[in-house]
Amino acid sequence: MSNTISIEPQIDSAIFLDNVSIRYQLPNEVIRTFKEYMIKRVQGHIRHNTFWALKQINLDIKQGEIFGIVGRNGAGKSTLLKVISKVLIPAEGRVWVKGYISPLLQVGAGFHTELTGKENIYLNGTLLGHSQNEIEEKLDEIIAFAEVGEFIEAPLRTYSSGMYARLGFAVASAWQPDILIIDEVLSVGDLAFQEKCYERIASFRNSGATVLIVSLSIDQIRSLCQHTLWLDHGEVRMMGKTESVCDAYQDSFEKKK
Amino acid sequence: MKNTTMIYDSAKRKHPAIEELFALYQYRDLIYQLVRRDIVARYKRSILGVAWTMLNPLGTMLIMVIVFSQVFSATENYAGYVLTGVIVWTMFSQSTNMSLSSMVWGSQLFHQIYLPRTSFVLSTILASMVNFILSLVPLGFIFIVTRIPLRPSMLLLPIYLIFLFSFSLGVALLISTIAVFFPDVADLYPVLLTAWMYLSPIIMPLDFYRKILNGLLLYINPMYYLVNLFRILALDGFIPHIQTWAATALVSFGVLIIGWFVFCSKADTFAYHV
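Line by line, the protein sequences give chains R and U.
Numbering of the first sequence is given in the working numbering, commencing with residue 1 and proceeding in unit increments.
Numbering of the second sequence is given in the working numbering, commencing with residue 1001 and proceeding in unit increments.
In short, the hints are calculated from the structure, not lab data.
Where is the CB? At the ideal position from N, CA and C, for every residue including glycine.
There's no promise every hint is true.
Cross-link-like lysine-lysine pairs, in silico, DSS-like; alpha carbons within 30 Å at most [unchecked claim]:
1. U:1266 to R:55
2. R:98 to R:255
3. U:1266 to R:86
4. R:55 to U:1012
5. R:138 to R:62
6. R:138 to U:1014
7. R:55 to R:255
8. U:1012 to R:62
9. R:62 to U:1014
10. R:77 to R:98
11. U:1044 to R:98
12. R:196 to R:77
13. R:55 to R:35
14. R:35 to U:1266
15. R:196 to R:86
16. U:1044 to R:77
17. R:118 to R:86
18. R:62 to R:196
19. R:55 to R:118
20. R:98 to R:241
21. R:241 to R:55
22. U:1266 to R:98
23. R:77 to R:55
24. U:1014 to R:77
25. U:1211 to U:1014
26. U:1012 to R:86
27. U:1266 to R:77
28. U:1044 to R:55
29. R:255 to R:77
30. R:138 to R:118
31. U:1014 to R:86
32. R:35 to R:62
33. R:40 to U:1266
34. U:1044 to R:118
35. R:86 to R:62
36. U:1014 to R:55
37. R:255 to R:241
Some but not every residue of chain R turned toward chain U, in silico, with C-beta under 10 Å [said to hold, decoys possible]:
38. 39
39. 43
40. 85
Based on the provided sequences and hints, a complete structural model is requested.
As structure tokens, then:
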């Protein structure tokens, strides 16, 4: 991150956001059915309130950087991650992202319980945008990492919840990402497996991936990140050196007391 | 590792309807996996397995023939008429209905990762097409048993499949778009389908519909063109007139293009709706 935000992504940029806003149109009453909508429409009762989940965000994260995002619940942290990973397309502003992003997929989402572990690796791998060939190359590694043994040929409904989660993580992390998103504290499987997960994440980091860390734990951000963004009600409250941003963020809590 | 570094730039996007085509090509292995899942998973726990894809329609068809031949015994070659009608209608109604539930299933994924938005609807329709093709085997079997001749014009059926596929996909995309914004459409649609079936020449003889509004009811019904062409090829056994081809092509491709554009232009906002 540099202090002056440029208007174009630079040669060493990994993530670049120019004036990005995300706006939700919330109806003043919740309308969930077509019937209700038609009735309200005829009565002329439909009004929308605009809710800005993100407001004019400018960002330039460089390749290889470890970047932290702090903010309270509902500050727009998850929304920002969704914008970066192309899930939410902003109506205003420009998003530019270079390289493969580690998926935000909830572990095990998209699995089918009637299919075998192996079949699910293919299904889940293609959901993440990989080709059959790419999955084939990684297949043995995924099976070994997931530690499911002979269960790999059994339908997923016979799996324990631990095996289920391990297989999910093994597929999701099989490919070295250019941009690694760490969204939550890892809680997959037992302690030994968590250790393995952390090792894998560390190896991604060491091989030069850009890392985005979203965490409620300030200490974690302080110890890992060079630069940090403080989001508040969808707006950039502060951005810069981790130490000063984190100090200011923690001060804001002190004042409340 | 990927050889080429992908760059996603929201400022350099093509029209969503075009962009979707490129995305689908990139995710073509996903479509294959989803179709495979739909077909394999459905019958996986049964002893007879994939054989059910043929036994299921066979049973339905036998019941149809036995029941309705009693009701409309006066109509000539009624068994063949109702079989050909029902098989097309079943493919259309089931596939469009199932694509609604596949969108519900997929919506949890749309909130987490990027996928081509048409993947789930497209794969559902493709899986139904595979089932339709497989159910042509028991249809042929019943034709032989009930002494309906097999015609050389049946060789043209692959062209017909393109029309049926396009039409079903178009309708599925349209109703899925509406269902994202109004979930109760999923409950409303089966009712609509029932009405549509009785307005189409599926079970009741064609003459019945010809009398209504001088046949206008038939001509404004897109389903008529699809059932009609299938019956000509599979039952009547002559090469259809060029106008028949053109009308069916126009209806099915027209619906597909409209559905595709409507769906794709709204697809960006799907993730905004819970």
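Here is what the structure says about each hint:
1. U:1266 to R:55: Distance ~22 Å between residue 1266 (chain U) and residue 55 (chain R) Cα, so the pair holds.
2. R:98 to R:255: violated, 40 Å
3. U:1266 to R:86: Given pair residue 1266 (chain U), residue 86 (chain R) holds - Cα atoms ~15 Å apart, limit 30 Å.
4. R:55 to U:1012: holds, 21 Å
5. R:138 to R:62: holds, 29 Å
6. R:138 to U:1014: violated, 33 Å
7. R:55 to R:255: The given pair, whose Cα atoms are some 25 Å apart, holds under the 30 Å limit.
8. U:1012 to R:62: Between residue 1012 (chain U) and residue 62 (chain R) the Cα gap is close to 21 Å, so the pair holds against 30 Å.
9. R:62 to U:1014: Between residue 62 (chain R) and residue 1014 (chain U) the Cα gap is close to 27 Å, so the pair holds against 30 Å.
10. R:77 to R:98: holds, 20 Å
11. U:1044 to R:98: violated, 41 Å
12. R:196 to R:77: holds, 27 Å
13. R:55 to R:35: violated, 34 Å
14. R:35 to U:1266: Answer holds: residue 35 (chain R) to residue 1266 (chain U) is near 21 Å, not above 30 Å.
15. R:196 to R:86: holds, 29 Å
16. U:1044 to R:77: Outside the cut-off at roughly 42 Å; violated.
17. R:118 to R:86: holds, 28 Å
18. R:62 to R:196: Holds - the C-alpha atoms of residue 196 (chain R) and residue 62 (chain R) are around 27 Å apart, at most 30 Å.
19. R:55 to R:118: Answer violated: residue 55 (chain R) to residue 118 (chain R) is near 43 Å, above 30 Å.
20. R:98 to R:241: Between residue 98 (chain R) and residue 241 (chain R) the Cα gap is close to 23 Å, so the pair holds against 30 Å.
21. R:241 to R:55: holds, 22 Å
22. U:1266 to R:98: holds, 26 Å
23. R:77 to R:55: Roughly 12 Å between the alpha carbons, so the hint for residue 77 (chain R) and residue 55 (chain R) holds.
24. U:1014 to R:77: With Cα atoms ~28 Å apart, residue 1014 (chain U) and residue 77 (chain R) stay inside 30 Å; holds.
25. U:1211 to U:1014: violated, 49 Å
26. U:1012 to R:86: holds, 13 Å
27. U:1266 to R:77: Holds, at roughly 25 Å.
28. U:1044 to R:55: Cα-Cα ~49 Å, so violated.
29. R:255 to R:77: Holds, because 23 Å separates the two Cα atoms, which is no more than 30 Å.
30. R:138 to R:118: Answer holds: residue 138 (chain R) to residue 118 (chain R) is near 12 Å, not above 30 Å.
31. U:1014 to R:86: holds, 15 Å
32. R:35 to R:62: violated, 50 Å
33. R:40 to U:1266: Roughly 22 Å between the alpha carbons, so the hint for residue 40 (chain R) and residue 1266 (chain U) holds.
34. U:1044 to R:118: Holds - the C-alpha atoms of residue 118 (chain R) and residue 1044 (chain U) are around 15 Å apart, at most 30 Å.
35. R:86 to R:62: Holds. Residue 86 (chain R) to residue 62 (chain R) sits at ~19 Å (cutoff 30 Å).
36. U:1014 to R:55: At roughly 25 Å apart (the allowed maximum being 30 Å), residue 55 (chain R) and residue 1014 (chain U) satisfy the hint.
37. R:255 to R:241: OK: residue 255 (chain R) and residue 241 (chain R) at ~22 Å, within 30 Å.
38. 39: violated, 12 Å
39. 43: Residue 43 (chain R) check fails; min Cβ-Cβ to chain U is 17 Å, beyond 10 Å.
40. 85: holds, 6 Å
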